[in-house]
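S.K.: Modelling step: build the complete structure from the supplied sequences, incorporating the hints.
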Amino acid sequence: RKEVEQDPGPFNVPEGATVAFNCTYSNSASQSFFWYRQDCRKEPKLLMSVYSSGNEDGRFTAQLNRASQYISLLIRDSKLSDSATYLCVVNKSFNKFYFGSGTKLNVKP
Amino acid sequence: EAGVAQSPRYKIIEKRQSVAFWCNPISGHATLYWYQQILGQGPKLLIQFQNNGVVDDSQLPKDRFSAERLKGVDSTLKIQPAKLEDSAVYLCASSLVQGVNEKLFFGSGTQLSVL
Chain A
1 RKEVEQDPGP FNVPEGATVA FNCTYSNSAS QSFFWYRQDC RKEPKLLMSV YSSGNEDGRF
61 TAQLNRASQY ISLLIRDSKL SDSATYLCVV NKSFNKFYFG SGTKLNVKP
Chain B
1001 EAGVAQSPRY KIIEKRQSVA FWCNPISGHA TLYWYQQILG QGPKLLIQFQ NNGVVDDSQL
1061 PKDRFSAERL KGVDSTLKIQ PAKLEDSAVY LCASSLVQGV NEKLFFGSGT QLSVL
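Chain order of the listed sequences is A and B.
Under my numbering, the letters of the first sequence match residues 1 to 109, in that order.
Under my numbering, the letters of the second sequence match residues 1001 to 1115, in that order.
Source of the hints: derived by calculation from the structure; they are not laboratory data.
Please read these numbers as outputs of a predicted model, since none were measured by experiment.
It is possible that part of the hints are untrue.
Pair ranges (Cβ atoms, derived) [stated by the list, open to error]: (1) A:12 - B:1010: 26 to 32 Å; (2) A:68 - B:1014: 44 to 50 Å; (3) B:1096 - A:68: 43 to 49 Å; (4) A:53 - B:1017: 48 to 54 Å; (5) A:68 - B:1083: 38 to 44 Å; (6) B:1063 - A:57: 41 to 47 Å; (7) B:1002 - A:18: 34 to 40 Å.
All residues carry an ideal CB built from backbone N, CA and C; glycine is no exception.
M.R.: So this is what it looks like as structure tokens:
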């Protein structure tokens, strides 16, 4: 079983739509959680950390459910510039980072 | 603050040739990682260094891949001999220390094509 699983998409949405991505992780001892964004032919860049209480950064909201081992990312009012692949990342221990395969988002005019 | 530096940006070689990639992490970052990212997949950890010691190399194909981090700063990753399936982007990343909320910072990667 993979450490981190994501729906690969693609999610094709119009500008202004709200879209949500989900991610599950297999190891209950996982300690910290992140969403990274990766543009085509670029390196992954940190979008936001995910905290148990949930956290928001502008149009982006991340949620963590430790009981269900589930992480989500909600994007409101999608922009064309949000088109990218979103990687779910889990830090298990000793800075061991495990990546999902990514969810591709296409925002269309 | 300077980011993670990697070179070369692109490399094209024939199978059975050798190739080397170089990485210089963010200044002061003790942990350095090499990831392999095949098109359409997430990054896969090849090797993790803490200072100049190896923390995890369980997924490194040691018959052909080697890596070193002399003096605990920059690092090289070598493939010898290369196979067609090694075609991928090789990403170097670094993080400050080992901690619960430490974040990864990536270099721009080396895109390797093996013909």
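S.K.: None of the hints should be skipped; say for each whether it holds.
M.R.: Status of each hint after checking the structure:
1. A:12 - B:1010: 26 to 32 Å: About 30 Å separates the Cβ atoms of residue 12 (chain A) and residue 1010 (chain B), which means 26 to 32 Å holds.
2. A:68 - B:1014: 44 to 50 Å: For residue 68 (chain A) and residue 1014 (chain B) the Cβ distance comes to about 49 Å; the hint holds.
3. B:1096 - A:68: 43 to 49 Å: Taking Cβ atoms as reference, residue 1096 (chain B) and residue 68 (chain A) lie about 31 Å apart, which means the hint is violated.
4. A:53 - B:1017: 48 to 54 Å: The hinted range 48 to 54 Å holds for residue 53 (chain A) and residue 1017 (chain B), with Cβ atoms some 52 Å apart.
5. A:68 - B:1083: 38 to 44 Å: holds (40 Å)
6. B:1063 - A:57: 41 to 47 Å: holds (44 Å)
7. B:1002 - A:18: 34 to 40 Å: holds (37 Å)
Comparing the model with each numbered hint stated earlier shows that hint 3 is the single one that does not hold.
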